[in-house]
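Here my numbering is used: the sequence shown runs in plain steps of one and ends on residue 1275.
None of these hints come from the bench; they were simulated from the model. Every residue, glycine too, gets a C-beta built ideally from N, C-alpha and C. It is possible that some hints are incorrect.
Claimed, not checked - Pairs of lysine-lysine residues, derived as BS3-like cross-links and limited to a Cα-Cα distance of at most 27 Å, are as follows:
1) 943 with 1242
2) 1036 with 1017
3) 934 with 904
4) 1041 with 1011
5) 1231 with 1242
6) 904 with 943
Unchecked claim - Distance ranges between label pairs, derived from CB positions:
7) 883 with 1115: 22 to 30 Å
8) 1143 with 926: 39 to 47 Å
9) 1142 with 1064: 37 to 45 Å
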Amino acid sequence: MSNETKGSWREAVAALLVIIFLVRVGGWLLPAVIAAVLFMVVGHEFGHYITAKWTGMKVTEYFVGFGPRLWSFRRGETEYGIKALPLGGYVKIVGMSSLEQIDDADEPRSYRAQTYPRRVLVASAGSLMHALMALIVLVFTFAVLGMPDASRVDVSSFTKWDGHAKNAAQVAGFQRGDEILSVSKGSTDKPVAISDASTFVSIVQHASGEQLRFTVRRDGATRVLIATPVDGRTITSGGEHFAAPTGPAHGYLGVALENPNTRVSPLRATTQSVSAVGSLIANATASLPKMFSPKQLSSLFHEVTNSSAAQQSAQSGNRPVSGVGAVRLAVQSAQAGPRQFLTLFATLNIFIGVLNLLPMMPLDGGLIVVATYERIRTRKGQPRYQADLNKLAPFVYAFLTLLGFLFLATMYLDIAHPISNPFR
852 MSNETKGSWR EAVAALLVII FLVRVGGWLL PAVIAAVLFM VVGHEFGHYI
902 TAKWTGMKVT EYFVGFGPRL WSFRRGETEY GIKALPLGGY VKIVGMSSLE
952 QIDDADEPRS YRAQTYPRRV LVASAGSLMH ALMALIVLVF TFAVLGMPDA
1002 SRVDVSSFTK WDGHAKNAAQ VAGFQRGDEI LSVSKGSTDK PVAISDASTF
1052 VSIVQHASGE QLRFTVRRDG ATRVLIATPV DGRTITSGGE HFAAPTGPAH
1102 GYLGVALENP NTRVSPLRAT TQSVSAVGSL IANATASLPK MFSPKQLSSL
1152 FHEVTNSSAA QQSAQSGNRP VSGVGAVRLA VQSAQAGPRQ FLTLFATLNI
1202 FIGVLNLLPM MPLDGGLIVV ATYERIRTRK GQPRYQADLN KLAPFVYAFL
1252 TLLGFLFLAT MYLDIAHPIS NPFR
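Kindly generate the complete structure, drawing on both the sequences and the hints.
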């Protein structure tokens, strides 16, 4: 057996052992979710790769992961492969900055030698790929699984309560597929129509220990069910309290709600997906300043140093998550159903794409800012102005320090105080 064949067998066995370990830790969904995350990484880097190739730049490496090489091969001038740490990926294009030393023969095909539109295209291509992946996923979701009917609210599943054979909703007689029409606090109170899940949740949360009358439609017929929400501070699921024990009372019935799906044409699925991607981009753009705000950073520091504050934020789910938290949420969404997983996958793609366009080095947005600055400083008929990237070093180090704090703080919180499952 040749050394090359032995190496291939070792890599195959190592990959199999990793998959077995992941299955033992988190079930079959965990390696599937990690594969989906790696697919996002590959897609992002493919955007840079394909546009660099198309514009004539020299691409020398296309790798998934960082650190030591696990496996690679060369085709033409580019080496493709996988590295040991699955924390991202990269495409190496010659001459990405004015500081890089390259052969004179490669200079005409370097990134820095290209026109301004080509540099901006290559720098933004990763984020464009995230938007494209999100769009494709949403079109598939809407066309195959259907679009949610926003005017209807159905019971999709029930939450298992520790120490209870049935939760409050099951005791009251709720069944999967029940369409919730209205709710009232008494036989004489005016019923409140339920046209969205938030109305249902708000009423139940503010009615802990109070009897509620629900009108539901089941098999074409309407019926009335009487249920009493239970204080979330007194119940747990998987050992986790539904509401912070030190916080106010919150009523829970133990149901998961959904808008039932309606099949739509591919054309409508596409138009709705474009609209959804636009909304996701707007929301992600609005959320980034809050994530880097002094208030959010101070809150994260307080949660890291105060377990009670960390537990409250975990219950509310109102905090940034690390890669660990994102993978956990993805597994939980996959457990809830394909729609929830695909929607989260699209949302994560958009957020990562927008994050990469922040105008700071070493993110893609920083490359666009540098290219734009050089374009503005270049005078007509004069050689292209090249920015002195050494002057940006203090800002880069400050930004990397900020990212490092966010990474470490959110990872610690996601391990020590994971966010409550939002899909149950």
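Taking the hints in turn, this is what the structure says about them:
1. 943 with 1242: Judged against 27 Å, a Cα distance of about 23 Å means the pair holds.
2. 1036 with 1017: holds, 22 Å
3. 934 with 904: OK: residue 934 and residue 904 at ~22 Å, within 27 Å.
4. 1041 with 1011: The hint is violated at about 32 Å.
5. 1231 with 1242: Holds, at roughly 25 Å.
6. 904 with 943: holds, 12 Å
7. 883 with 1115: 22 to 30 Å: With Cβ atoms ~27 Å apart, the hint holds.
8. 1143 with 926: 39 to 47 Å: holds, 40 Å
9. 1142 with 1064: 37 to 45 Å: holds, 42 Å
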